[in-house]
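Each protein sequence line maps, in turn, to chains E and L. What the first sequence shows, in the numbering used here, is residues 364 to 667, in sequence order. What the second sequence shows, in the numbering used here, is residues 2 to 217, in sequence order.
These are calculated hints, taken from the structure and not from any lab test. Keep in mind that a hint or two might mislead.
For lysine to aspartate or glutamate, the following EDC-like pairs were computed, each having C-alpha atoms within a straight-line distance of at most 20 angstroms [claimed, not checked]:
{"#": "1", "chain 1": "E", "residue 1": "K472", "chain 2": "E", "residue 2": "D657"}
{"#": "2", "chain 1": "L", "residue 1": "K71", "chain 2": "L", "residue 2": "E155"}
{"#": "3", "chain 1": "E", "residue 1": "K542", "chain 2": "E", "residue 2": "D647"}
{"#": "4", "chain 1": "E", "residue 1": "K418", "chain 2": "L", "residue 2": "D124"}
{"#": "5", "chain 1": "E", "residue 1": "K642", "chain 2": "E", "residue 2": "E408"}
{"#": "6", "chain 1": "E", "residue 1": "K517", "chain 2": "E", "residue 2": "E408"}
{"#": "7", "chain 1": "L", "residue 1": "K71", "chain 2": "E", "residue 2": "D647"}
{"#": "8", "chain 1": "E", "residue 1": "K564", "chain 2": "L", "residue 2": "E155"}
{"#": "9", "chain 1": "E", "residue 1": "K472", "chain 2": "E", "residue 2": "E482"}
{"#": "10", "chain 1": "E", "residue 1": "K604", "chain 2": "L", "residue 2": "D134"}
{"#": "11", "chain 1": "E", "residue 1": "K564", "chain 2": "L", "residue 2": "E111"}
{"#": "12", "chain 1": "E", "residue 1": "K564", "chain 2": "E", "residue 2": "D540"}
{"#": "13", "chain 1": "L", "residue 1": "K71", "chain 2": "E", "residue 2": "D558"}
{"#": "14", "chain 1": "E", "residue 1": "K418", "chain 2": "L", "residue 2": "D123"}
{"#": "15", "chain 1": "E", "residue 1": "K604", "chain 2": "L", "residue 2": "D183"}
{"#": "16", "chain 1": "E", "residue 1": "K638", "chain 2": "E", "residue 2": "E624"}
Where chain E lies over chain L, by a calculated footprint (3+ residues, C-beta under 8 angstroms) [as the list claims (entries may be wrong)]:
{"#": "17", "segment": "29-39"}
{"#": "18", "segment": "65-77"}
{"#": "19", "segment": "149-155"}
Distance ranges between label pairs, derived from CB positions [to be verified]:
{"#": "20", "chain 1": "E", "residue 1": "K495", "chain 2": "L", "residue 2": "Q186", "range": "21 to 27 angstroms"}
{"#": "21", "chain 1": "L", "residue 1": "T67", "chain 2": "E", "residue 2": "G567", "range": "18 to 24 angstroms"}
{"#": "22", "chain 1": "E", "residue 1": "P412", "chain 2": "L", "residue 2": "I53", "range": "56 to 62 angstroms"}
{"#": "23", "chain 1": "E", "residue 1": "D413", "chain 2": "L", "residue 2": "T196", "range": "48 to 54 angstroms"}
{"#": "24", "chain 1": "L", "residue 1": "A205", "chain 2": "E", "residue 2": "V522", "range": "42 to 48 angstroms"}
{"#": "25", "chain 1": "E", "residue 1": "G658", "chain 2": "L", "residue 2": "K193", "range": "47 to 53 angstroms"}
{"#": "26", "chain 1": "L", "residue 1": "T67", "chain 2": "E", "residue 2": "A566", "range": "44 to 50 angstroms"}
For each residue, glycine too, the CB sits at the ideal point set by N, CA and C.
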Amino acid sequence: MKALMPTLLLLAIGNACATPIAMEDQSQLKVPPAQAAALFVPPAESELPDNAFGKMVREGHALFVDTRRLMPEAVGNGMNCSNCHLDQGRLAHSAPMWGAYPMYPAYRKKNDKVNTYAERIQGCFQFSMNGKPPAADSPQMTALSAYAYWLSTKAPTGVEIAGRGYPDVPAPQGGYDFKRGQQVYRDQCAICHGDNGEGQKVAGEYVMPPLWGKDSYNWGAGMHRINTAASFIKYNMPLGKPGSLSDQQAWDVAAWVNRHERPQDPRLVERSVEKTRLKFHANDGVNLYGQKVDGVLIGQGTGG
Amino acid sequence: MTPLSRVVIGSLLILAWPQAHAADGQKIFTLGGANPAAMACLGCHGADGKGIAAAGFPRLAGLPATYLSKQLHDWRNGSRQQAVMAPLANALSEDEIKAVSSYLAGLPGEPAPGLRRQQIADDPTTRLALYGDWNRQLPGCVQCHGPGGSGVGEHFPPLAGQPASYLVAQLNGWRDGTRSNDPNQLMVGVAKAMTDDEVKAIAAFFANPASPEAKP
């Protein structure tokens, strides 16, 4: 009974904020292990029909790879869809669209409801792109959905096929280490992403995305979780050399990246980092939001 | 107007520079270094430093100073091998390398193509250039070298407008080991994963500004 009390208390607190979560998060669970070779192959570009549908898919593709420039009203930072979903959303173990589209509608713990695919993309705009999501019935959303749908041609619906998401990278026995992470960053990442995570631009537009700071993903984005970033990094970075970092290095450098400030979580509760931490971050994987590192509170945001 | 003012400011800085330094970048470029073996750059790279495409001599004008300086050092240490450039680089002093690199970086280069090529790539060369081939862990060229191959920062030089035969020679250099000076070994794997035909096609893609792919 004693052990139950805190649990009951927690449940009571949860009740005050939102209805209790009745099921597990369908969008986060059970990413097939990386050992399972991805067999699904999205359709080739040459197979795209030359008709109204094909045109819409092409528009969606353009928005996907050049999001920031083509949707300045919706993207509030320097990110494009294709920064987290490599090879135009095609690449296995890089959260490919063909692994995501057939899994929706799905329940998400993040907003405690069943989300359509459009709502899931809106989440990307709100958090990963720190912006204002386009309306579910907007032409842009139709185009992005059409592109994901086309990439999913012949993929089974509601099946967690190998290659979806970012494969889990087990947390290292001894945890992560910022100092080691900083070294990995300097050696392997800074050449593209800059000494201070600022990314690199050509003619005012980012070519290599910023990893922290005001133009990067915000504190509500999935990538702010160290475990998620470690998975992405291990299986996708450095570009063209996936799998070259050890699990330990991936966790270390993910922790280094995600200890830096970035735009505030747009769900900020009553201007309180602590309240926001309790409500949204306390049970969200491994993350530093609302914690102190070297005496400094993490999650204060980049302001502005 | 920002790029223009940057060029102007850069040129002014460079004009002011030699007075503070022993080595004169412009002089090395036009007349050569103190050592007679350090021949003038303009003989092969053109009076404007924009290279001589027909001969396969690359453009140096407007390339990042850090990149140019690194190449000269790499010819000296053998991580980049080339029969003409190695003795030249060896004949330059450290000060001269610094001066000529800064001078070249300040010369007006080709206007950045500024191309955002976000189309779905239907032909294999465009696809390789823009998006790569991830079955072979090949990133698209423009992912590191910038839109249209305009170059990014100090480490990723422009491909756009460089002579095709120069680009072919570099890719082949990484493949046969005569060029191994790529930071973090980012190019060696890429070059080795490419076929001979792809090397030629990609070089032509970036060399030829009139190629249809070079339009948005």
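Earlier hints that do not hold, by number:
Result: hints 1, 3, 5, 7, 12, 17, 18, 20, 22, 23 and 26 break, sorted rising.
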